[in-house]
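Visitor: Listed in order, the protein sequences are those of chains A and B. Letter by letter, the first sequence follows residues 24 to 143 in this note's numbering. Letter by letter, the second sequence follows residues 5 to 494 in this note's numbering.
Accuracy of the hints is not assured; some may be wrong.
Unchecked claim - Facing chain A, according to a computed beta carbon distance under 7 angstroms, are these residues of chain B, among others:
hint, residue
1, F139
2, E146
3, L150
4, K162
5, I165
6, A166
7, I173
8, C176
9, L183
10, A187
11, D191
12, I192
Stated by the list, open to error - In silico PhoX-like pairs for lysine-lysine, Cα to Cα no more than 20 angstroms straight-line:
hint, chain 1, residue 1, chain 2, residue 2
13, B, K418, B, K334
14, B, K161, A, K128
15, B, K161, A, K136
Honestly, the hints are just simulated from the structure, not real lab data. Virtual Cβ for every residue (Gly too), placed ideally from N, Cα, C.
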Amino acid sequence: MEKLLTNYFETASMILFGVGFVTLLLHNNLIKKIIGMNIMDTAVFLFFIAKGSIQGREAPIVTGVHKGIAGYINPIPTALMLTGIVVAVSVTAFALALTVKLYEKYGTIELDKIMEMRGD
Amino acid sequence: MVYENNFPLLIILILFISAFTMPLIKKNALVKLVSLLTMGVSFLLGIATFLFVKENGSFFYKVGHFDAPWGIEFQIGTVESIMAILFTGVATLILWYALYSIEKEIKPNKVGFYYLLINILVGSLLGMVFSNDLFNCFVFIEVTTLASCGIIVVKDKKENIAAAIKYLILSCLGSGLVLMGIAFLYDITGNLNMTYIHKELMKGYESYQNTLHIAAGLFTVGIGIKSAMFPMHIWLPDAHSSAPASSSAILSALVLKSPVLLLIKILYRVFGDEMIYEFSILNLILILGTMGMIMGSVFALRQKEIKRVIAYSSVAQMGYIFFGIGLGNKLGLIMAIFHIIGHAVTKSLLFLTAGRMIEKTGNKKLSELKGVGKEMPYTLGLFTIGALSMVGIPILPGFISKWYLSLASIDATKYMYIAAILLSSLLNAAYYFPIVVNGYFGEENIKDKLYKSNEKDVKALMPIALLMIGMIVVGAISHKIIDVIALGLV
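Same shape as in the complex, but just chain A (with noise of 0.2 angstroms):
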């Protein structure tokens, strides 16, 4: 208990990656089911970010004075993320896109009632 109490980020993510996953799996909304991925994208994001962050110290950016090595955090896992969040935005800009055309077709964006009208 203690241990996720002094890691609450990785706690955070790891409650938020779980919400995202069932929201995920579970609902048959289409538009629910992409808000589950993000969800689960974004826990993601958070772990990673966490992991690179260190308390007290800054941003890799030199202003003035340079403080040394010390000074600045590691900046890989922010880059790293910045392209995760790009992924994951063309993702969802798809996925949104396609369910947009199943609503033209069926008329729902329902999975269960879209898999009675084909009968299967």
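Since the structure of chain A is already known, use the hints to place chain B on it.
Guide: Frame of chain A, contents of chain B only:
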């Protein structure tokens, strides 16, 4: 000055850059020519890379001239260069087939976008195979996801969109899990380069046992979703059976394969032999692979449409590949890679012939395709040879991988699993042979059908025939291929 070690990067760049010129070209014939030409050039470059690697051994290539722990790196060995030849070669033949058929399946103004997606797809698959950097692999996985959903949805029918959205959501789940696994590994080691992660892990992995177990599990499940490991295969039949014939061939032959190679790289290059044999993750892969082998065939028996039968057969064949990885000895791993090659050639042949039957007769139900052998004898003949390979008739690649997988399971003292291989082969025969038998024989089926009445353009059969020849060659020189793969795994 050596030029050959630039070729792997050049293949990816040619495919990616040429892709974006295609929607700008107005004439569809020109688009097809550009696509076929770039894929053919990539094929030749792949062969040159293979010859270079065979001569000089595997090498690391610095992309962007930064040294390894900071810059991105490619590792190209014999296995990677064989995969380059396989992927670009099979894609070239499929594109050749698509020359004659694609406009019948999608709208003419979408052809440029279709070829854009195919080139990006093959480029990103090769990127995943070559890359030695975990995060780079993740980005390539996402590009693959988007492109492969694109080539399913391009047909613009109801069932395509539903299938693509199912595929997209499950794939995103998979890549989210992979990203989480990468986060755990980066957290422990502070590196993204596979070689350096392995070095760091060897210094003291005992203290991180649980975390590494979780990371290995996340990678296995995440990549298992992408490559249709048994309980996570539910997206595959819909997606593969509703897509256009050339898309299904590419999806089944290539897209499932490169995540498996990534899994092999993660298990054996990142975690390494010593660590992975202590984990129980290989047993999980073995059990899921065995279940996939049997259940995939059982599901295929109950299908009524020809393309769904072949799609479920893919689940069973991916089961063999996971079985080989899960055995946990060297022969099993070699045969997993050999089965990737054999299955890629055979499954693309089956999908293309099935696509041709559907296109010419207009029926996709098995019950309505009875007697197709009289109307299209050559097409069904090619289908028969592919089916024989899947069942496991000697000389053909399917037999060789089954034979050596049995030997590998004797090596690993897991005798029970030979029964699973035998059972799966029998089930394969049970769903492939009725198609062939009902096509050629059965007096009442072929009564009022005209001989060769649907076999109009025989030139479209050329690429399929070349695939068949390639398949037989893979089977005939299998001992050489196995030796070369073994060389690359040392």
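Visitor: With reference to the structure, classify each hint as holding or not holding.
Guide: Now the hints, each set against the structure:
Against a cut-off of 7 angstroms between C-beta atoms, the interface hint on B:F139 holds, since the closest Cβ of chain A lies about 6 angstroms away. Look at B:E146: its Cβ gets to within about 5 angstroms of chain A, closer than 7 angstroms, so that hint holds up. About 6 angstroms separates the beta-carbon of B:L150 from the nearest beta-carbon of chain A, less than 7 angstroms, and the hint is met. At a threshold of 7 angstroms, the smallest CB-CB gap from B:K162 to chain A is about 5 angstroms, leaving the interface hint in force.
A hinted interface residue such as B:I165 counts as satisfied when its beta carbon comes closer than 7 angstroms to some beta carbon of chain A; here the least separation is about 5 angstroms, so the hint holds. With a cut of 7 angstroms, the hint placing B:A166 at the interface with chain A holds, because the nearest CB-to-CB distance is about 6 angstroms. Look at B:I173: its Cβ gets to within about 6 angstroms of chain A, closer than 7 angstroms, so that hint holds up. Because the closest C-beta pair between B:C176 and chain A is about 5 angstroms apart, less than 7 angstroms, the hint holds.
The closest approach between the C-beta of B:L183 and any C-beta of chain A is roughly 5 angstroms, which is under the 7 angstroms cut-off, so the hint is satisfied. Evaluation of the B:A187 hint against chain A yields a held restraint, the C-beta minimum of about 5 angstroms falling below 7 angstroms. Against a cut-off of 7 angstroms between C-beta atoms, the interface hint on B:D191 holds, since the closest Cβ of chain A lies about 5 angstroms away. For B:I192, the interface hint is violated, since its Cβ never comes within 7 angstroms of a Cβ in chain A; the closest pair sits about 10 angstroms apart.
Of the pairs offered as hints, the one joining B:K418 and B:K334 holds, with about 14 angstroms between alpha carbons and a cut-off of 20 angstroms not exceeded. A distance of roughly 8 angstroms separates the Cα atoms of B:K161 and A:K128; the hinted pair therefore holds under the 20 angstroms criterion. Only pairs whose Cα atoms come within 20 angstroms are accepted, and B:K161 paired with A:K136 is accepted, the gap being roughly 18 angstroms.
Violated hints amount to a single one, hint 12; each of the other numbered hints is respected by the structure.
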